[in-house]
Amino acid sequence: MVSEHNEKSVFGKALVFTMVLFFVGISLGMFIESHRTSLIEKQYDELQFEVLDSKLRSDFYQLIEEDFCEIAVADNLRFSDRIYENGKKIDIYGEFNRLGNSLDDEKRKYALLKTEFWLNSILLRDKCGADYDTVVYFYLDDVSDDNIKQSQNVQSNILSSLKEEYGAGIMLIPLPIDMGISVVDSFVELKGISEYPTILINEEIKLEGLHSYEDIEKLI
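Each residue of the sequence shown is one higher than the one before, starting from 13 at the first, in the numbering used here.
A portion of the hints provided could be inaccurate.
What the hints assert, rightly or not - For lysine-lysine, the following DSS-like pairs were computed, each having C-alpha atoms within a straight-line distance of at most 30 Å:
#1 K67 with K175
#2 K139 with K67
#3 K161 with K100
#4 K139 with K175
#5 K218 with K121
#6 K218 with K101
#7 K101 with K175
#8 K121 with K203
#9 K67 with K161
#10 K101 with K67
#11 K161 with K203
#12 K161 with K121
#13 K121 with K67
#14 K101 with K230
#15 K203 with K100
Rather than coming from a laboratory, the hints here were simulated on the basis of the structure. As the structure is a prediction and not an experimental result, all values here were calculated from the model.
Taking the hints into account, I'd like the entire structure generated from these sequences.
Laid out in structure tokens, this is it:
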């Protein structure tokens, strides 16, 4: 009887210990996830201010002499670098996202900011004759097909290498097409984009599927 009692006692302690570890793990996971989301929310608030500021500047520059173009283009180029670096951080956070959909909400907001930045870049390039190329990368954020996922990863790495090489000479704008963003959906329909990944260079040249560094470099 004593032996049986001891076995039950050991089992009970082990069960309690396991449950404690389980709940601690869940709590820690939720805390880490909340912390990641808070960081992205902070980035979003900062970027939202910057994009709105950039948009107001662009609207203002439409009304004044082109002597101010140099200032506007320089400001937009600096913002290009900031939005690119912050985008890489969100991608990293996304790889470790396991709890809830709050991170997806922030990614959707971030995609809206990138879309507005794209439109600002087109405006300044056309009005001021700015010497840069817009390279928009359309991809699926939630993808189950391993072939598409692999192609998107390879294409993303190639475009990142191009961005590192050309810096402010390229406005690299990755946009997810499956987040219910109407302006992105409309543009995808307008350009007849049906394969992913797809690259759009200067709103005219469409490259569907996977393309090499050399193939893209020839077109910019």
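Q: With a cut-off of 30 Å on the C-alpha distance, tell me whether K101 and K175 pass.
A: 16 Å, holds
Q | Given hint K121 paired with K161 - CA-CA distance at most 30 Å | A | 23 Å, holds
Q: Take the C-alpha atoms of K121 and K203, compute the straight-line distance between them, and say whether it is at most 30 Å.
A: Holds: K121 and K203 sit about 23 Å apart, inside 30 Å.
Q) K67 and K175: Cα distance at most 30 Å? A) Within the cut-off at roughly 23 Å; holds.
Q. Given the hinted pair K161 and K203, is their alpha-carbon gap at most 30 Å?
A. Distance of about 22 Å is within 30 Å: holds.
Q) Under the criterion that the straight-line Cα-Cα distance not exceed 30 Å, is the pair K139, K67 satisfied? A) 14 Å, holds
(Q) For a C-alpha distance cap of 30 Å, please report whether K218 and K101 respect it. (A) 27 Å, holds
Q: Decide if the proposed pair is consistent with the structure: K121 and K67, CA atoms, cutoff 30 Å inclusive.
A: 16 Å, holds
Q. Between K67 and K161, is the straight-line Cα distance small enough, at 30 Å or below?
A. 34 Å, violated
Q. Given the hint that K101 pairs with K67, does the C-alpha gap stay at or below 30 Å?
A. This hinted pair holds, its Cα atoms lying about 24 Å apart.
(Q) Check whether the Cα positions of K139 and K175 lie no farther apart than 30 Å. (A) 24 Å, holds
Q.
For a C-alpha distance cap of 30 Å, please report whether K203 and K100 respect it.
A. 26 Å, holds
When each numbered hint is compared with the structure, a violation occurs for hint 9 only.
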